[in-house]
Amino acid sequence: MRLSMKGYITCKEAEAYSDCADRYAYNMAAHRFAISDGVTKSFFPKLWSKVLVEQSVAPSGAAGLPMEQCQAEWLNEVTQRVSHDDVKWFTRNAFLRKEPGLATLVTLALDDENFIWTAEAIGDSFLFFVPDSVKDDFEKWDKLSSKPDPIEFDNYPDYLSSRGKGRGEKRELAGYLEPGTFYLMTDALSEWMFNEQSEALRVIEEEWTDQKAFEASVAHLRNEGRLHNDDSSALIIRLDDDNIWDICDGDTTVTDIDELIDTECALKECRKEIQTVYADLNERINDLLQTYNISDNAKHDIKQQLSEEFALPNRNCDSHE
Amino acid sequence: METATFNQTENNKETMSNNQTISNMETKQFNSTQFSSAHPGLITFVIDQSGSMEETYPEGGTKAKFTHLVVNRAINEMINSNADGETVKNRVLLSLIGCGKSVTEIRTDKLSDFANNPLRIENGIQKVSDGNGGLVEVEVQKPIYFEPVANGLTPLADTLDVVKQIVGNFMEKNPESPAPVVVIVTDGMPRSSGVDDATEEANAIAKAQEIMALSCADGHPLIFNCHIGRGTNKCEFPAAEEELPDEQAKFLFKISSEVPESYKDAARKLELDLSEHSKGMVSNADPTTFIKFINFGSSGANQDKMSN
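Those protein sequence lines, which keep their order, are chains A and B. Just so you know, our numbering puts 265 at position 265 of the first sequence, and the rest follows in order with no gaps. Just so you know, our numbering puts 374 at position 53 of the second sequence, and the rest follows in order with no gaps.
Derived from the structure by calculation, the hints contain no laboratory data. One thing to keep in mind: the hints can contain errors.
[Stated by the list, open to error] Listing some non-contacts, in silico: residues in chain A with all C-beta distances to chain B over 10 Å: (1) Glu15; (2) Asp19; (3) Gly38; (4) Glu73; (5) Leu75; (6) Ser83; (7) Thr91; (8) Lys98; (9) Ser133; (10) Ile151; (11) Leu173; (12) Tyr176.
[Stated by the list, open to error] Subject to a maximum C-alpha distance of 27 Å in a straight line, what follows is the list of computed BS3-like cross-link-like pairs (lysine-lysine): (13) A:Lys98 to B:Lys448; (14) B:Lys448 to A:Lys88; (15) B:Lys463 to B:Lys575; (16) A:Lys268 to B:Lys431; (17) A:Lys98 to B:Lys590; (18) A:Lys88 to B:Lys485; (19) B:Lys590 to A:Lys268; (20) A:Lys165 to B:Lys575; (21) B:Lys485 to B:Lys575; (22) B:Lys463 to B:Lys494; (23) A:Lys88 to B:Lys590; (24) B:Lys485 to B:Lys448; (25) A:Lys88 to B:Lys386.
Using N, Cα and C, we set each Cβ at its ideal position, and we do this for glycine too.
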């Protein structure tokens, strides 16, 4: 079978990528995939969701997620951050109160030796498996989360905790590998899948061609009230029958949230730099104009002309005679 | 000089979409829009800073100091609810208005600015779970955002005029945001220099009703009132005038909003007793009820997953 994959991720409207608490990870060599949604109100949820997905896909001899190891990794990282001199009071207080990070988790593993797939889920993130033969029949899709039937999306999902026991019991699902598509999604997109079913599949197939198109699609769905304003991420794993027993790896296009964050940060810093340069430039121009015995109106006109000529931001003349 | 063009606006992700539509719901429930970074909410605390706030409780401490403690703690709770580790999400714009010798806009700021720049920080002790069913004491930092003041009269009408401007400006700039919430803390009837008490009372009522008549996509601004007393003759969330025991309660009834559905859950969790048409007010609140009421009034800012 031929495996290809797409992955897209975006934050809530009017927030930054650095605020996004969703994470996903994959290991193509081991054919393992994971997605997690950090609970915003918890303590360092982004870090917790990152640890969970990375540990879920790591090659390991032991069965299941090494929970203690995940918790130790999270605690170690948080302790380091809290020990900085400039740590904020609310961060330090939350650490002293032993507040946990909380997150959902969905994992998928493809076993090409036994030709099966297995999945686990806790929380309101979902795995959907849509065999090609039943794309238009939502009832026949495989759907996995730890939410009980009937499915209702609310503010009280099950979760894994970075300290102690979490909430809820994980659920498992398995099936034979066949042509079709796995969708690992966090809750906002999952709820949209439940609501729109094959129309959602059409949007995904036709409109989600790259990260920009995905973001435009999400913005449109939010504007129309079809998608809740929440972090939204999806791993879409496609299996095609190429008459080969083993799973061969095909195209992979997965957005890296860390790269989005770095790009965003770079843009923010460049903007600051430009604003500083322009502020300094404005001051220097004002000082230079002061040395000329010309009227305020003339100075204003000069600055206006320079703004147009050099595409500078138009700032009011504030020179003094 | 190289030509350089750049977008002067802030990150496009922070620009509100003017085409945002109300979410598709067959029946619109007002005062239900969730506080979010996309649509932050405004919470205004009006704090009585009149001379009578210098009165002491039998247990010790003045009403002014206790109010200062409770409201500062409520602000810290909002910050904790909206922090995810190292950053505070700006889902709330917070305004503190003093009503005493003069009307003072103590501070109006984004929640993250409050968090990053408190007036000062005190050290305190808090009991936390030790993970084995017991409690341990840990030293925590307690930021302070305003100081207790007790001086002068209670010019509530002029204060509400300032509040109306703040609320009106906010609604104009943020039409899709949750309807603003005003929480008034007072220990007596309005009194203003140069104005007889009846006129001052009538002016305060008129001004409050002007605020409650403003309108946005999420409905009308809410005014909740807490009159702090000793607990005797307490009147909590009355639904009808017959339930009002004294003039103070009757006054508050006229300047309080009916509690919308979206706030009833928060009230019940705090074990505050509400009926279907309850007004958001308590008169003669004892200290415990006062704390619960402030938490109820600011509960809009503390909604999120896992808020149970």
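Each hint tested on the structure:
Residue placement check: Glu15 of chain A does not keep its beta carbon more than 10 Å from all beta carbons of chain B (closest about 5 Å). At roughly 7 Å from the closest C-beta of chain B, the C-beta of Asp19 of chain A falls inside 10 Å, breaking its exclusion from the interface. The claim that Gly38 of chain A lies off the interface is violated: its Cβ sits roughly 8 Å from the closest Cβ of chain B, which falls inside the 10 Å cut-off. With a closest Cβ-Cβ approach of about 15 Å to chain B, Glu73 of chain A is found to remain outside the 10 Å limit, as its non-interface label requires.
Chain B leaves Leu75 of chain A outside its interface by the beta-carbon criterion, the shortest separation being 13 Å against a cut-off of 10 Å. With a closest Cβ-Cβ approach of about 13 Å to chain B, Ser83 of chain A is found to remain outside the 10 Å limit, as its non-interface label requires. With a cut of 10 Å on Cβ distances, Thr91 of chain A falls inside the contact zone with chain B, its closest approach being about 6 Å. Not every C-beta of chain B lies more than 10 Å from that of Lys98 of chain A, the closest at about 6 Å, which undercuts listing it as non-interface.
Annotated as non-interface, Ser133 of chain A keeps its C-beta farther than 10 Å from every C-beta of chain B; the closest such distance is 32 Å. The beta carbon of Ile151 of chain A sits about 17 Å from the closest Cβ of chain B, which is more than 10 Å, so the claim that it is off the interface holds. No beta-carbon of chain B is positioned within 10 Å of the beta-carbon of Leu173 of chain A; the least distance is around 24 Å. The claim that Tyr176 of chain A lies off the interface holds: its Cβ sits roughly 35 Å from the closest Cβ of chain B, which is beyond the 10 Å cut-off.
With a C-alpha separation of about 11 Å, the suggested pair Lys98 of chain A and Lys448 of chain B falls inside the 27 Å cut-off, and the hint holds. At most 27 Å may separate the alpha-carbon atoms for a hinted pair to count; Lys448 of chain B and Lys88 of chain A meet this at roughly 20 Å. Between the alpha carbons of Lys463 of chain B and Lys575 of chain B the distance comes to roughly 36 Å, so the proposed pair goes past 27 Å and is violated. Taking the CA atoms of Lys268 of chain A and Lys431 of chain B, the gap is about 20 Å. The hint holds against a cut of 27 Å.
This hinted pair checks out: Lys98 of chain A and Lys590 of chain B have alpha carbons roughly 24 Å apart, not beyond 27 Å. About 34 Å separates the Cα atoms of Lys88 of chain A and Lys485 of chain B, which puts this hinted pair outside 27 Å; it is violated. Only pairs whose Cα atoms come within 27 Å are accepted, and Lys590 of chain B paired with Lys268 of chain A is rejected, the gap being roughly 42 Å. Of the supplied pair hints, the one linking Lys165 of chain A and Lys575 of chain B is violated, its CA atoms being roughly 49 Å apart against a limit of 27 Å.
A C-alpha spacing of about 17 Å is found between Lys485 of chain B and Lys575 of chain B, which places the hinted pair at or below 27 Å, so the restraint holds. Straight-line distance between C-alpha atoms of Lys463 of chain B and Lys494 of chain B comes to about 33 Å, which puts the hinted pair past the 27 Å bound. Pair hint Lys88 of chain A plus Lys590 of chain B does not hold up; C-alpha atoms about 30 Å apart against a cutoff of 27 Å. Restraint check for Lys485 of chain B and Lys448 of chain B: not satisfied, since their Cα atoms lie roughly 40 Å apart, outside the 27 Å limit.
With a CA separation close to 26 Å, the supplied pair Lys88 of chain A and Lys386 of chain B stays within the 27 Å bound.
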